[in-house]
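Engineer: Each chain is listed here by its residues.
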Amino acid sequence: MSAPRVFVTGLGAVSAHGTDLDQLAQALARGEAQLGPLVEDADYPARRRPAGRRGVVPSADLDLRAWLPRSARRMSASSKYAVAAARLALEDAGAPEFDPDATIVACATALGPTDYTEKIAKTILEASPAQVSPFQFTDCVANAAAGQIAIDRGIRGANWTTCQREAGPVLALLRVFDQLRRGEADAGLAGTVDEAHPLVHATFDRFRALARPGADGAELARPFDARRDGFVLGAGATACWIERDGLRNGRRRAEIVAGVRGFDPSAPPHDYGADVAGLAARLRGGLERAGVSLDSIECVVSGAAGTRRGDALEAGVLRDVFGPQRPTVVAPKAVVGEFGAGILGAAVLLLGGCPIGVPVGCTEPDPRLEVTAGSWTSDTAPRRILVTALSTGGAAAWVVLDRCDD
Amino acid sequence: MRSDVVVTGLGAVSGFGAGVLALETGLLRGETAIGDFGAFDHSRHRTHVASEVPAEIARPAVGSKRGPAWTRADRFAVRAAQEAVDAAGVAEVGAETGVFFGSSTGGLPESEEYFAAVRGHGGRPQARQVAAQSNDGPGNAVARALAVRGPVETFSSACTSASLAMVAALDALHSGEVDVAIAGGADSLCQVTYAGFNSLRSVDAQPCRPYRADRAGLSLGEGAAVLVLETAERAAARGAEVLAVFGGAAATCDASHMSAPDPEGRGAALAIERALQRAEIGADGIDFVNVHGTGTPHNDRAEWQALLRVFGDRARAIPVTATKGLLGHLLGSSGSLEAVAALLCLRRGILHPVPDVGTPIDPDLPIDLVHGDAREVAGLRAVLSTNLAFGGTNTALVFGVPA
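Here the protein sequences come in this chain order: A and B. Under this note's numbering, the final residue of the first sequence carries the number 406; numbering is consecutive throughout. Under this note's numbering, the final residue of the second sequence carries the number 809; numbering is consecutive throughout.
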């Protein structure tokens with residue numbers, strides 16, 4: 001008996017564009033990130049940033065109450081984003097009925113509920129361990145978001161939380177895909193969530209990982225560009241409702257076809273590695289085993305975020321795998337930021353016909369990379385895409401998604 | 407029992423010291439490793455005991471200052487993984503090997519140091535303190551140390567992190583994604599979790615007493631444990647010694663409360679039933695259970711209900727080992743350490759005790775807890791190891807003796 005087909009039938013996102021997927025799609029088409037202020041904290045002044053700490057983050061004024069249970073008042077920001085995104089994904093899927101014991105949740109987070117963890121650490125350090133809030137502690141664990149989604153939706157199958165930084169979103173998607181293909185579940189929610197706490201921004205800034213403000217104060221992530229100097233921090237949540245055999249109540253947004261996972265042992269703990277040949281061999285071999293031909297891939301939705309080493313590694317792998325006949329490469333993290341899984345949302349929207357434009361900061365391609373942040377603006381969505389996710393610390397994951405012509 | 411995946415190597419770092427031998431010796435002696443500790447200043451905390459890895463093992467090796475930015479948990483993980491791989495005799499680790507790891511704290515102690523420095527409480531913030539602070543640090547450190555090129559994934563689902571890693575590893579072996587899986591977990595003591603569990607009044611001021619009538623909470627611990635898993639075919643082809651069969655595994659979620667298990671044990675029971683089904687054995691095929699057994703009133707009661715649901719009246723008669731009674735709760739990595747403990751008991755035919763603390767088993771939870779002296783049991787065939795977590799996740803692992 002062949003493995004069942006697996007489809008994304010619902011998409012939800014909480015982002016700088018609120019909960020509005022159309023607004024997100026318009027930003028992707030324009031190639032322009034909507035940066036907003038992080039919640040200010042006098043403890044982490046932004047000395048090098050005249051405009052303050054900024055990222056592609058949900059507005060502090062964003063009202064999610066319509067998408068949250070009453071118990072949300074005790075939730076961390078991560079849990080609120082994730083629960084809201086999950087509800088949005090299910091609504092987008094047409095509010096399907098599901099067997100709670102045969103449904104799973106797989107959530108990824110790179111940074112975890114940083115706000116609550118920071119508060120607890122501060123309380124211990126500067127007040128007393130006895131004053132730590134039990135509610136904050138319960139919701140500061142990395143799997144708080146996944147647990148809260150399960151409680152909110154009554155989902156009783158396996159509940160996974162992956163912490164693998166930039167590779168997390170694709171790994172979470174593949175976790176659901178694998179379990180559905182094996183018949184261990186009928187449906188699942190794959191999500192990713194991250195917060196943008198000023199301490200996190202300050203730490204990345206300290207290590208010069210973030211895009212630097214230009215003379216005009218603008219911060220631009222420039223994937224594959226000669227002037228690239230870092231990523232823009234993203235936050236929020238993205239959730240995909242995924243079903244076996246698809247089409248229960250809503251339309252099919254994408255088919256998950258295959259996934260490949262690997263690792264680059266040359267990567268230091270905090271940065272990208274340089275094992276282009278090894279990663280390329282892993283990707284090529286994985287696609288071949290899955291029966292996916294390279295020339296069937298019409299577009300690469302790249303996880304390149306504008307870092308020097310990360311983009312170089314990504315470009316090297318794409319060159320090695322595809323050779324000179326490369327598909328179009330788009331780089332949506334210039335718009336959605338790093339973390340918060342905006343890349344998954346971008347990929348699914350692209351397959352639904354939403355164009356992705358050249359990022360506004362990408363006007364001087366780095367000739368050494370031989371890969372450019374392009375655009376897909378055709379009236380016809382690509383038939384098949386490859387989403388890439390190379391991570392600092394070494395993990396790598398790729399997923400192949402097909403357009404659904406429902 | 408389904409026997410296409412086998413265990414060929416074990417490694418451990420625990421409150422008993424480094425190595426599986428130290429672990430087994432400590433377990434069989436049944437003396438607790440929970441006591442005073444020096445990983446951090448706990449004078450301002452509500453309780454003052456934990457199970458700490460001996461200092462000479464936990465501290466960084468003498469060497470170049472420009473060595474890898476390893477956290478405490480990274481060091482535990484790599485040491486345990488190297489022991490497991492050496493024991494398995496796996497000469498080549500590479501493209502068809504994956505690392506599946508669990509950690510709930512990662513480099514949190516080092517992040518606490520960094521945070522204190524940032525807040526002006528001593529020292530200068532250093533890159534090494536935050537470079538490997540992510541929860542995926544230990545798993546990545548293992549993958550780097552062993553030059554793995556296959557899938558590497560870290561799960562951070564609180565107390566089921568490492569056991570979920572083992573579920574994922576089993577899946578990857580069954581699907582053919584890997585031929586060898588290095589599965590395990592690592593966690594280290596830190597103030598956030600110590601204060602956090604104390605804020606819930608979940609920590610016993612004394613070493614924990616799982617399933618006792620006067621149990622008052624858990625004890626925290628640290629360490630790492632790693633299992634080398636491979637296909638039976640591969641192990642046979644290279645003439646490897648098979649330590650055990652990894653028959654089946656499953657995970658569920660209570661979906662009821664973030665910090666308390668479902669008091670009816672329904673989710674945990676479902677995980678056990680599914681694991682048994684996947685292992686192709688019935689409940690009567692299980693000869694002993696290594697319980698999650700934290701020593702909190704809620705956990706032990708819920709777990710008992712789960713055992714009753716699955717085993718019926720036999721739940722009163724199946725011997726139970728409760729490793730946390732000796733080594734504390736290693737949080738994310740507890741599932742892997744307890745799996746190793748369970749396998750050591752299975753192989754030797756001797757079930758490790760918890761200390762006899764002079765108080766009775768809770769009469770409402772009438773399990774056959776092995777306590778006081780180790781218990782020799784002839785003809786052991788299979789063990790079930792269970793874990794329950796914050797967020798409601800439950801896991802069940804089934805191991806058996808090799809054919």
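What the hints contain is simulated information worked out from the structure, not anything from laboratory work. The beta-carbon is built from N, C-alpha and C at its ideal position, and this holds for glycine as well. One or more hints might be untrue.
[As the list claims (entries may be wrong)] Stretches of chain B that chain A covers, calculated by requiring three or more beta carbons in the stretch to come under 8 Å of a beta carbon on chain A:
| no. | region |
| --- | --- |
| 1 | 429-437 |
| 2 | 647-659 |
| 3 | 663-677 |
Engineer: Hints first: check each against the structure and report whether it holds.
Structural biologist: Checked hints:
| no. | hint | result |
| --- | --- | --- |
| 1 | 429-437 | violated (count 0) |
| 2 | 647-659 | holds (count 4) |
| 3 | 663-677 | holds (count 5) |
When each numbered hint is compared with the structure, a violation occurs for hint 1 only.
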